[in-house]
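Take the given structure of chain A and dock chain Y to it, following the hints.
Number of protein chains: 2
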Amino acid sequence: MTNSILINHIKTYVTFSEEELSEIVLFFDYHSYHKKETLLLAGKQCNKLFFVLKGCLQLYFIDNLGNQKTSQFAIEHWWLTDFLAFQNQNQSNFYIETVENSKIVSISFSKYQELLDTFPKMEKYFRTIYETAYGAALMRFKYINSFSKEELFFRFRDNFPEFVQRVPQYLLASFLGLTPEYLSEIKRK
Amino acid sequence: MTNSILINHIKTYVTFSEEELSEIVLFFDYHSYHKKETLLLAGKQCNKLFFVLKGCLQLYFIDNLGNQKTSQFAIEHWWLTDFLAFQNQNQSNFYIETVENSKIVSISFSKYQELLDTFPKMEKYFRTIYETAYGAALMRFKYINSFSKEELFFRFRDNFPEFVQRVPQYLLASFLGLTPEYLSEIKRK
Chain A
-6 MTNSILINHI
4 KTYVTFSEEE
14 LSEIVLFFDY
24 HSYHKKETLL
34 LAGKQCNKLF
44 FVLKGCLQLY
54 FIDNLGNQKT
64 SQFAIEHWWL
74 TDFLAFQNQN
84 QSNFYIETVE
94 NSKIVSISFS
104 KYQELLDTFP
114 KMEKYFRTIY
124 ETAYGAALMR
134 FKYINSFSKE
144 ELFFRFRDNF
154 PEFVQRVPQY
164 LLASFLGLTP
174 EYLSEIKRK
Chain Y
-6 MTNSILINHI
4 KTYVTFSEEE
14 LSEIVLFFDY
24 HSYHKKETLL
34 LAGKQCNKLF
44 FVLKGCLQLY
54 FIDNLGNQKT
64 SQFAIEHWWL
74 TDFLAFQNQN
84 QSNFYIETVE
94 NSKIVSISFS
104 KYQELLDTFP
114 KMEKYFRTIY
124 ETAYGAALMR
134 FKYINSFSKE
144 ELFFRFRDNF
154 PEFVQRVPQY
164 LLASFLGLTP
174 EYLSEIKRK
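For the protein sequence lines, the chains are A and Y, in the order given. First residue of the first sequence? That's -6 in the working numbering, and the numbers climb one at a time after it. First residue of the second sequence? That's -6 in the working numbering, and the numbers climb one at a time after it.
Same shape as in the complex, but just chain A (with noise of 0.2 Å):
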């Protein structure tokens, strides 16, 4: 049942009765999406927070030239979203879209209000989530001032081999900041 991984993944935070976490529950909406569906689309208004039962999210923005670029994948037990534009109710500075056919939780802005409300401990649980998410974040800023773009390929491959097996490499070389010719000519060497 796709609601226990999520509150399986609640109770590795945060400790709840069964009952509140039945309650918990009913505040998030579960859809099934094909392949490359858009969630969210970029310059609308970013009303809602996406977590990954199974299946893979990208973030991305279109460049000037019309070119897609990954700036954050999310796959199973990940949150994503454009977190400014939820905060603050604007419009988005991103698309979502799903990888390949996704299992995906979400909950718009005025019910993660709510849940937050009702359920103070999942302050907590968030907190958690974020810190870690942060902290993940100044990783990569040391990665990306640390290596080329050559050697970021080859680090992200040694550390996530299952997960460059699964996603499409014109995806993994937008995400490096790599042309997909130029990944290419990386992997050929």
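It cannot be assumed that every hint is accurate.
Because identical chains share one entry, a pair is satisfied inside a single copy or across any pair of copies.
Below are the DSSO-like pairs computed for lysine-lysine, each with C-alpha atoms no more than 27 Å apart in a straight line [claimed, not checked]:
# : residue 1 : residue 2
1 : Lys62     : Lys135
2 : Lys182    : Lys4
3 : Lys135    : Lys28
4 : Lys4      : Lys114
5 : Lys62     : Lys96
6 : Lys182    : Lys62
7 : Lys114    : Lys104
Hints in this document: simulated from the structure, not taken from any laboratory.
Same frame as chain A, but now just chain Y:
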């Protein structure tokens, strides 16, 4: 009074009684530092979380060639540490150093846990802080992937002119992934 800056920042996000606030401030330590003092050492256990009352901190690492590279700055009202290492009580991947003479609040990991347990509403405060910080990191990934290093410099200068005045050139160059020589060259154009 230095306490009032942190109290006012907390009050922006969460409502506490004056009595609660007077207890909360006791969890924190307050120190003044000169420019270029080290607050956190890479390779040592990361046991402190910092808040800038006045001044500026930088989070940096030293690359294989011995160059200091800045991953993050924190000015007034920003929290900073190696969050992954702090959360897991591991060795820090970064150094933290004052960029200017600074007044800094710090809290140890055990006091942070005690604070969150004693005043669960502080979870909301830090949840909001980290939500914003992670959202800002996603925007920074977007900028890094959108612009050449030269364009990044000009965008940064236009968006944060006061900050560019405050911070030494070589640190700004390091933050933007430029060599100081390249930054000088750009600025001459």
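Checked hints:
Taking CA atoms no more than 27 Å apart as the test, Lys62 paired with Lys135 passes in both settings, with 20 Å inside one copy and 8 Å between copies. In the homo-oligomer, the alpha carbons of Lys182 and Lys4 never lie at most 27 Å apart, since the shortest distance is 46 Å inside one protomer and 56 Å across protomers. Within a single copy, Lys135 and Lys28 get their C-alpha atoms only as close as 32 Å, which misses the 27 Å cut-off; across copies the closest is 23 Å, which meets it. When the C-alpha separation of Lys4 and Lys114 is checked against a cutoff of 27 Å, the pair qualifies both within a copy, at 11 Å, and between copies, at 20 Å.
For the homomeric pair Lys62 and Lys96, the shortest alpha-carbon distance inside one copy (23 Å) is at most 27 Å, but the shortest distance between copies (40 Å) is not. Taking the closest pair of Cα atoms, Lys182 and Lys62 come within 27 Å of each other only inside a single copy of the chain (24 Å); across copies the shortest separation is 29 Å, beyond that limit. Taking CA atoms no more than 27 Å apart as the test, Lys114 paired with Lys104 passes in both settings, with 15 Å inside one copy and 19 Å between copies.
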